[in-house]
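K.L.:
Chains as they are written, first to last, in the working numbering: chain A, 1 to 516; chain B, 1 to 216; chain C, 1 to 378.
Note that these hints are calculated values from the structure, not bench results. All C-beta atoms, glycine included, are put in the ideal place defined by N, C-alpha and C. Misleading hints may appear alongside valid ones.
A few chain C residues facing chain B, derived, Cβ under 10 Å [unchecked claim]:
1) D122
2) A336
3) Q341
4) D343
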Amino acid sequence: MAHGPAKGFTRWLFTTNHKDIGSMYLWFSFTMFFLGGIFALVIRAELFEPGLQIVKPEFFNQMTTMHGLIMVFGAVMPAFVGLANWMIPMMIGAPDMALPRMNNWSFWILPFAFALLTSTFFMAGGAPNFGWTFYAPLSTTYAPDTVTFFIFGVHIIGISSIMGAINIIATILNMRAPGMTLMKMPLFVWTWLITAYLLIAVMPVLAGVVTMMLMDIHFGTSFFDAAGGGDPVLFQHIFWFFGHPEVYIMILPAFGIVSAIIPTFARKPLFGYSSMVYATASIAFLSFIVWAHHMFTVGMPLVAEAAFMYATMLIAIPTGVKVFNWVTTMWKGSMTFETPMLFSIAFVILFTIGGFSGLMLAIAPADFQYHDTYFVVAHFHYVLVPGAIFSITAAVYYWLPKWCGNMYDEALGKTHFWLAFAGLNITFFPMHFSGLAGMPRRIPDYNPLWADWNMISSVGAFLFGAAQLLFLVIVIKTIMGGRKATARVWEGSHGLEWTVPSPAPYHTFTTPPEIK
Amino acid sequence: MNENDNNEHKALQKTVTKLVSLCVAMFVFAVWVMPPMYDLFCEVTGINGKTASQYQAMSADVDTSRTVKVKFVAINNSEMPWAFKPKDYTIEVHPGQAMTTHFIAHNPTSKIMVGQAVPSMVPSNAANYFHKTECFCFNRQTLAPGERAELGLRFIVDQDLPKRVGTIVLSYSLFDVTEQSPDEVESKAQEIANKSAQASANTVQNSREIKTLEFM
Amino acid sequence: MLSNSKRSLVLSVVVGILAVMPVLASAGEWQYNMTEGVTSISKDVYDLHMLIFYICCVIGILVFGVMFVSMFLHRKSRGAVASQFHESLTLELLWTAVPAIILIAMAFPATSTLKDMYDSDDPEIDILVTGHQWKWRYDYQGTEVSFFSNLSTPSAQIDNEQEKGQHYLLEVDEPLVIPTNTKVRFLVTAADVIHSWWVPDLAVKRDAIPGYTNAAWTYVEKEGVYRGQCAELCGKDHGFMPIEVHVVSKAKYAEWLAGKAAQAAEVKAASSKTFSFDELYSGGETLYATNCAACHGGNGEGGVGPAIKGSKIATGGITDHLDMVINGSPNNPMMAAYGEQLDPVSLAKIITFQRNAFGNNMGDSVQPLDIVTYKQGQ
Numbered sequence: 001m002a003h004g005p006a007k008g009f010t011r012w013l014f015t016t017n018h019k020d021i022g023s024m025y026l027w028f029s030f031t032m033f034f035l036g037g038i039f040a041l042v043i044r045a046e047l048f049e050p051g052l053q054i055v056k057p058e059f060f061n062q063m064t065t066m067h068g069l070i071m072v073f074g075a076v077m078p079a080f081v082g083l084a085n086w087m088i089p090m091m092i093g094a095p096d097m098a099l100p101r102m103n104n105w106s107f108w109i110l111p112f113a114f115a116l117l118t119s120t121f122f123m124a125g126g127a128p129n130f131g132w133t134f135y136a137p138l139s140t141t142y143a144p145d146t147v148t149f150f151i152f153g154v155h156i157i158g159i160s161s162i163m164g165a166i167n168i169i170a171t172i173l174n175m176r177a178p179g180m181t182l183m184k185m186p187l188f189v190w191t192w193l194i195t196a197y198l199l200i201a202v203m204p205v206l207a208g209v210v211t212m213m214l215m216d217i218h219f220g221t222s223f224f225d226a227a228g229g230g231d232p233v234l235f236q237h238i239f240w241f242f243g244h245p246e247v248y249i250m251i252l253p254a255f256g257i258v259s260a261i262i263p264t265f266a267r268k269p270l271f272g273y274s275s276m277v278y279a280t281a282s283i284a285f286l287s288f289i290v291w292a293h294h295m296f297t298v299g300m301p302l303v304a305e306a307a308f309m310y311a312t313m314l315i316a317i318p319t320g321v322k323v324f325n326w327v328t329t330m331w332k333g334s335m336t337f338e339t340p341m342l343f344s345i346a347f348v349i350l351f352t353i354g355g356f357s358g359l360m361l362a363i364a365p366a367d368f369q370y371h372d373t374y375f376v377v378a379h380f381h382y383v384l385v386p387g388a389i390f391s392i393t394a395a396v397y398y399w400l401p402k403w404c405g406n407m408y409d410e411a412l413g414k415t416h417f418w419l420a421f422a423g424l425n426i427t428f429f430p431m432h433f434s435g436l437a438g439m440p441r442r443i444p445d446y447n448p449l450w451a452d453w454n455m456i457s458s459v460g461a462f463l464f465g466a467a468q469l470l471f472l473v474i475v476i477k478t479i480m481g482g483r484k485a486t487a488r489v490w491e492g493s494h495g496l497e498w499t500v501p502s503p504a505p506y507h508t509f510t511t512p513p514e515i516k
Numbered sequence: 001m002n003e004n005d006n007n008e009h010k011a012l013q014k015t016v017t018k019l020v021s022l023c024v025a026m027f028v029f030a031v032w033v034m035p036p037m038y039d040l041f042c043e044v045t046g047i048n049g050k051t052a053s054q055y056q057a058m059s060a061d062v063d064t065s066r067t068v069k070v071k072f073v074a075i076n077n078s079e080m081p082w083a084f085k086p087k088d089y090t091i092e093v094h095p096g097q098a099m100t101t102h103f104i105a106h107n108p109t110s111k112i113m114v115g116q117a118v119p120s121m122v123p124s125n126a127a128n129y130f131h132k133t134e135c136f137c138f139n140r141q142t143l144a145p146g147e148r149a150e151l152g153l154r155f156i157v158d159q160d161l162p163k164r165v166g167t168i169v170l171s172y173s174l175f176d177v178t179e180q181s182p183d184e185v186e187s188k189a190q191e192i193a194n195k196s197a198q199a200s201a202n203t204v205q206n207s208r209e210i211k212t213l214e215f216m
Numbered sequence: 001m002l003s004n005s006k007r008s009l010v011l012s013v014v015v016g017i018l019a020v021m022p023v024l025a026s027a028g029e030w031q032y033n034m035t036e037g038v039t040s041i042s043k044d045v046y047d048l049h050m051l052i053f054y055i056c057c058v059i060g061i062l063v064f065g066v067m068f069v070s071m072f073l074h075r076k077s078r079g080a081v082a083s084q085f086h087e088s089l090t091l092e093l094l095w096t097a098v099p100a101i102i103l104i105a106m107a108f109p110a111t112s113t114l115k116d117m118y119d120s121d122d123p124e125i126d127i128l129v130t131g132h133q134w135k136w137r138y139d140y141q142g143t144e145v146s147f148f149s150n151l152s153t154p155s156a157q158i159d160n161e162q163e164k165g166q167h168y169l170l171e172v173d174e175p176l177v178i179p180t181n182t183k184v185r186f187l188v189t190a191a192d193v194i195h196s197w198w199v200p201d202l203a204v205k206r207d208a209i210p211g212y213t214n215a216a217w218t219y220v221e222k223e224g225v226y227r228g229q230c231a232e233l234c235g236k237d238h239g240f241m242p243i244e245v246h247v248v249s250k251a252k253y254a255e256w257l258a259g260k261a262a263q264a265a266e267v268k269a270a271s272s273k274t275f276s277f278d279e280l281y282s283g284g285e286t287l288y289a290t291n292c293a294a295c296h297g298g299n300g301e302g303g304v305g306p307a308i309k310g311s312k313i314a315t316g317g318i319t320d321h322l323d324m325v326i327n328g329s330p331n332n333p334m335m336a337a338y339g340e341q342l343d344p345v346s347l348a349k350i351i352t353f354q355r356n357a358f359g360n361n362m363g364d365s366v367q368p369l370d371i372v373t374y375k376q377g378q
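One chain only, chain A, in its complex shape:
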């Protein structure tokens, strides 16, 4: 029954195998991560010292915009979808995803979307330059003509994510092995289930907002144009109604990954499994009622301002529950510190620091001073880089032996970790200081008052970038060869994915496993 993959390029073009598609998603995201990283390094190089040295302000704006778009939609989201493709069927005892052909399609439209988006660099007017949040009217009446390519790119990305999310929900709801009840599912599956619902709820809203932009630009409507009875603030409300859940889309699967890794290396079951599930669900729910905290300075009435402040502060509670559960899982365990565990611990610490600055930002009066400064940049990089990027890295180290059958080089892995950890903190911690000292974000040049912090940040950024090159080397080296991995791989690992041999055969669980 089981047969191997087809040969040659057509294997990848026509594949419906969840493992092949998962690998393609991961490699695509890795490529985008480097592209977005190059943009980030251009930004950091320009900001190394005051004055304009390397790029012009208009190109700088294109860099910040494309860095944001590519990291969010090209690197983080596809990486999580890739992990979902690889792991969810194996974790719930399913032979493949529920809709394998759609799976192929949802991946293959992505490269076209990003080709469309990046091709704008070579067009008159240049790439999008209005920030990844593309506030109207800067992104409509005052945008370069290439904005239309941006809009279609976002549409395709949205369709891809929606198809991916439908597939994941359909798989989790319909393909579980007999006996795999919802409350027995690994937390990674749970967090992805909730994430997929978030995606289905908000990606259409993103598609809606860019469609409205398209109509404003080309078809004479005025959704966001004050002159025609529209409202630029409406844009921000709709955008952040998408944007805030989007932030959680980039962090909930990370919670799932860390909840798998910490118990493995603490050799102790996850503490408070059910409270973790409920906390994830409450975070997802809260994400729909806090969007306007991104807009505290737009001049909302006092009542709305206060209501959004209170709702935002509430998020600290379920997030706190998660952190406390992870720490308690470690307590009285029998811990070892392999690379995935190091990344996971760093995740818990640094994500919590990002959470603290998030709590500070929630205090509306203080936000008047923080808003749109480097303090905000520090905040969201502290939640996204250790949050999304570190968890994805941890996941790769954790499951790579299962994927390719070889162990990675532990010494190199740890070197990668320490370089990345140092690079990250040297890059982003000083941004708290420059932001509090008054440096606005998205500026290509600045007063020497903030020069020292910026210089440190730039050095850190190059260190962080170099660390990721080492990561690439480690991954390739592991795929090429290395110590053979056992089926269990880790001493403390539990779950269905560890019951199949390493590397996992092309087809797994063609007959459903028995769940006790």
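Assemble the complex: chain A is given as a structure, and chains B and C must be docked to it using the hints.
P.N.:
Frame of chain A; chains B and C shown alone:
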């Protein structure tokens, strides 16, 4: 086995149908529900300071014990070359008292232009207590080349205006909407043409009369 | 696993950073915290910021403390044996309830400060602040005083040809002036895209949105110069539209305001004066640098906007040139209508300069009176 497969297939279809509908519903929600809902929300709460449309009822009681300062602000969008100013910077009114004022606009260009004034109010929650019975902002304004116009505004401040509000700022941002208003431009051009035709007809008639007089 | 030597290395680096931090901060160069500012609101905001920061520190020390103790004690290399407990309703309830109580306690002072920030009613002075790409315009309501505030840092400093001044990119040609001990309200709006008017020392940050008028207010007791920047991405020169607020005594303010009004009258009078070609051309050079160069390039070579050098408009008929500058471009919203933004004298100087600079050499000139006639005449 077959039946089992069939059931599974049906369950899967059901899930996918539900998810796709949810997706479509959210898109509809974003494009067709959120904007009107936002407008309604703003109107009810006065949130974005947009003052509601024309007010019909005239209230009778004037609360002379209280005076409210109303300040007027004129703002030009950067594409708008008109001169645009309020006649009065500040007016003091009693709640309930109907007041009339106007803004002065002048089109200095050689083209027919159409402007739209967008109102905004500080504090924003005063918008619910500020009733306009007549306002140039209800319609687009068309000015001929070189034309100067007084744009009228008639309003009443509600007696229920919260006590802590002592001053209200009413600002108008003027936008150039000539390109979006071909009908207005057309009718203005017609009007100008008629006027000049009439004017020249008058001249001809006058000159004839003179001639007749001469011959008499 | 960290060896002992590695651990002590990490520890000493951390301790070193912590020890050096205050020293660096006190050196003055290294500002690392929010300004306390000069108004009662900015001080309240600062206190809130510090309060929530300390709360976070305490929670952080507790959580990370437990974590580090666990990482030290409960490691396999020390022979730790894993317990198997994995649930405790008491703990879950406890760590839900305690943060909730802290948050409720935080909400009270935050709400009261927020209320104060929103209370902009009954000011003594109203100033309309309008964001333009890429400069601020200030209109003192009820007076004739109205002006643009442009970046005054020379481009040679930006291009690293000259040493950067102390207020590099935070200095303007015409600062906003307000009196001490006076409630001043800022009516913040925009004429093109969204900007945000931010002066950290006043704790005032309000988005400037086209079609909206937002209010913020301040009451400053201390004379001084307070600087800020635009805080919302507004296009190419977002980083180059600073704010400079001079707070002066009431007497000085009255004097300044009278001077400004006289200046405005003077400009009005000058509109009927005839200028020599050289006066127009050399005056136009500086005005071009502040008003046009951002888009059309310092040497008229173009950039975001089309080139002036050899352009159809600047080397064509004067009427078309007047129309473009005074009324703006009908096709491109970025070319604003300058007729209402600049006075006739400045417009005449700019147009004369554009027609004769960069090798355009048209040889003709425009007088302020031509501008006035053009604006009225049609």
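K.L.:
Can you list which hints this structure breaks, lowest number first?
P.N.:
As far as the earlier hints go, only 4 is violated by this structure.
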